[in-house]
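Participant: Using this note's numbering, read the sequence shown as starting at 1 and increasing by one per residue.
The set of hints was computed from the structure by calculation and includes no laboratory data. Accuracy of the hints is not assured; some may be wrong.
Straight-line C-alpha distance at most 27 angstroms; calculated DSS-like pairs for lysine-lysine [stated by the list, open to error]:
(1) 128 to 80
(2) 128 to 115
(3) 69 to 80
(4) 69 to 98
(5) 117 to 80
(6) 80 to 64
(7) 99 to 69
(8) 115 to 80
(9) 69 to 115
(10) 98 to 62
What follows is a set of in silico ranges between Cβ atoms, one per label pair, in the way DEER data are often shown [as the list claims (entries may be wrong)]:
(11) 82 to 112: 17 to 23 angstroms
(12) 55 to 104: 41 to 47 angstroms
(13) 69 to 123: 17 to 23 angstroms
(14) 99 to 56: 24 to 30 angstroms
(15) 80 to 113: 21 to 27 angstroms
(16) 65 to 119: 35 to 41 angstroms
(17) 103 to 58: 31 to 37 angstroms
(18) 59 to 105: 21 to 27 angstroms
(19) 55 to 126: 37 to 43 angstroms
(20) 73 to 122: 21 to 27 angstroms
(21) 120 to 82: 21 to 27 angstroms
(22) 99 to 124: 32 to 38 angstroms
Quick caveat: nothing in here was measured; it's all calculated off a predicted structure. Glycine included, C-beta positions come from ideal geometry on N, C-alpha and C.
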Amino acid sequence: MKIVTLFGCIAVAALTFSFSGCSSTVSVPPTSSPTATPDANADHSHAEHAGHDHAAPSGMEKMKAELAKLSPEDAASAEKQHMCPVSGEMLGVMGAPKKVEVNGQQVWICCEHCKEKLLTNPDEYLAKLKQG
């Protein structure tokens, strides 16, 4: 019985100790120097911080930049469609979108890879455009 009580006390103490760090109100200001110490971020990979690069352009900025490479008419058409019906990606985030004629309708896709899927099953992807 004493052993069970001892282990129970140890478990409660361990849980209390482990949660005590979560409620800390001490805040550490971020360093503004990218060269604070050479090994400061040695345990962090770039993949772990994907999407946290604040200098990278947003999806909308990428889209606008790529659509600017198209004629004004095509840019307006692609912007109106906004998304690739095959991949679901925003047009322009993978480079300049591609225009494909499908069943007499102009369709924008994000990349050449989506063209075969679109042409193989056009009804499925044209239906997605009607929904959006």
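Participant: Just pull the numbers of the violated hints for me, sorted ascending.
Facilitator: 13, 16 and 22
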